[in-house]
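Student: Now for the letters of each chain:
Number of protein chains: 2
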Amino acid sequence: MKKAVILLSGGLDSTTCMAVAKEQGYELYPISFNYHQRHSIELEGAKKVADFYKVKKHLIIETNMEQIGGSALTDSHIQVPDGEIVHEDNDIPVTYVPARNLTFLSYALGYAEVIGADHIFIGVNAVDYSGYPDCRPEFIQKFQALADYATKAGAADGRHIRIETPLQDLTKKEIVQLASRLGAPLQFTHSCYKGGTKACGVCDSCKLRLKGFAEAGVKDPVEYETMSN
Amino acid sequence: MKKAVILLSGGLDSTTCMAVAKEQGYELYPISFNYHQRHSIELEGAKKVADFYKVKKHLIIETNMEQIGGSALTDSHIQVPDGEIVHEDNDIPVTYVPARNLTFLSYALGYAEVIGADHIFIGVNAVDYSGYPDCRPEFIQKFQALADYATKAGAADGRHIRIETPLQDLTKKEIVQLASRLGAPLQFTHSCYKGGTKACGVCDSCKLRLKGFAEAGVKDPVEYETMSN
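Sequence lines, in order, name chains E and W.
For the first sequence, the working numbering gives the first residue as 83, with consecutive numbering after it.
For the second sequence, the working numbering gives the first residue as 83, with consecutive numbering after it.
Watch out, some of these pointers could steer you wrong.
Identical chains blur together in the list; that is why a pair holds if it fits in one copy or across any two.
[Stated by the list, open to error] In silico SDA-like links for lysine to any residue, alpha-carbon gap of 20 Å or less:
#1 K85 to Q149
#2 K85 to G299
#3 K138 to E109
#4 K85 to G151
#5 K85 to H201
#6 K138 to Y231
The hints are simulated quantities; they were obtained by calculation from the structure and are not laboratory data.
The structure presented is a predicted model; accordingly, all values stated were derived computationally and were not measured.
With the sequences and hints as input, model every part of the structure.
Tutor: Printed below as a string of structure tokens:
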């Protein structure tokens, strides 16, 4: 059975990626990160999603990225703003975490190399998104170009580890529809940046999520403090 | 004063990079990694080197890379072999750590972005080296091509964070000579993979180091169990 490493934050997009990879017949190897993020509660969601799919192993990488800071998600002194979904080109919100997707993909690449997985799924999306540079197709293409040079798998063993981005061109509405069709366990997911037990309903991430569910005509199964959409 | 992030393992090459960056007038921001490596004793060396250069901050990233394994340096079940310095093209030794330099550079890139450093020094070398794919110039070039797409600094702020590899084309002999000329504190460095208080003298890393000192006609200030060269 072919293996895939899935970057699993515990949110809507990565959980949908789990469902897509499952449907495509992969054996799932989710990898999650406790990077001392404000919303580390998302890891509880990730564990439940991993359990739901009865994975052999759920790898949780521990790292003190809050020592780097520079983001509202890793520095408690920077507030998570109430979101505005539309961002200008050069207006990347303070919830951007410096080089996070690059770092996470790097771990995933090493892990894929070790377990013999030739596919890595990541739920990046550049349609209904927060404007983060490391969610764009150009970033993924450049990472793909690098991958074969960064590993023994690519440099000597003739393996080609592919980065799969099944959500890249979907709207949030389409992601919710896809997740629903595939029976993804959205009740376990956590998208809110603020990190409370209930989602805040007003941060960037909550607003994008609520917009997707509303447009898809699907009821979001998680609880909110406020419903801004 | 212009800032530089220096990837500092605590070994000969990274300590020489510290000395080079210092001479070039940079304010030094070393970053080290406790990745649960067999030779985590190298971090003691890194701390002494950072102290020697009186740095403002020495960032130590903690991460459980042993959960990924796949290397003699992160999996205690895989033995560190006695080294053979000459490797064939496709013969990458078991001390290779999957995607390590990629992961470390990714952290360094995020850190450089946050502190406003436009230079990252890494002591990679592809002359007297162990054949690791992620020490070759092609790897660094591909990473450089990716860097601007992975960060807000590159994508929106017009900053270009450069990867500096001053040792790329030097022999180990030339590295020892350079370090000596610049007064790098080689007495604090630790290169041995086996992780004992004294260097083993027979692993790949010790052999490369001893060869460099011998050819440079410089006495290695650290203690060895065995002197194989």
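Student: If a hint holds in the structure, say so; if it does not, say that too.
Tutor: Comparing the hints with the structure gives:
| no. | hint | verdict |
| --- | --- | --- |
| 1 | K85 to Q149 | between (33 Å within a copy, 18 Å between copies) |
| 2 | K85 to G299 | neither (34 Å within a copy, 51 Å between copies) |
| 3 | K138 to E109 | within (9 Å within a copy, 47 Å between copies) |
| 4 | K85 to G151 | between (33 Å within a copy, 17 Å between copies) |
| 5 | K85 to H201 | within (7 Å within a copy, 37 Å between copies) |
| 6 | K138 to Y231 | neither (29 Å within a copy, 34 Å between copies) |
Consistency note: the structure conflicts with the earlier hints numbered 2, 6.
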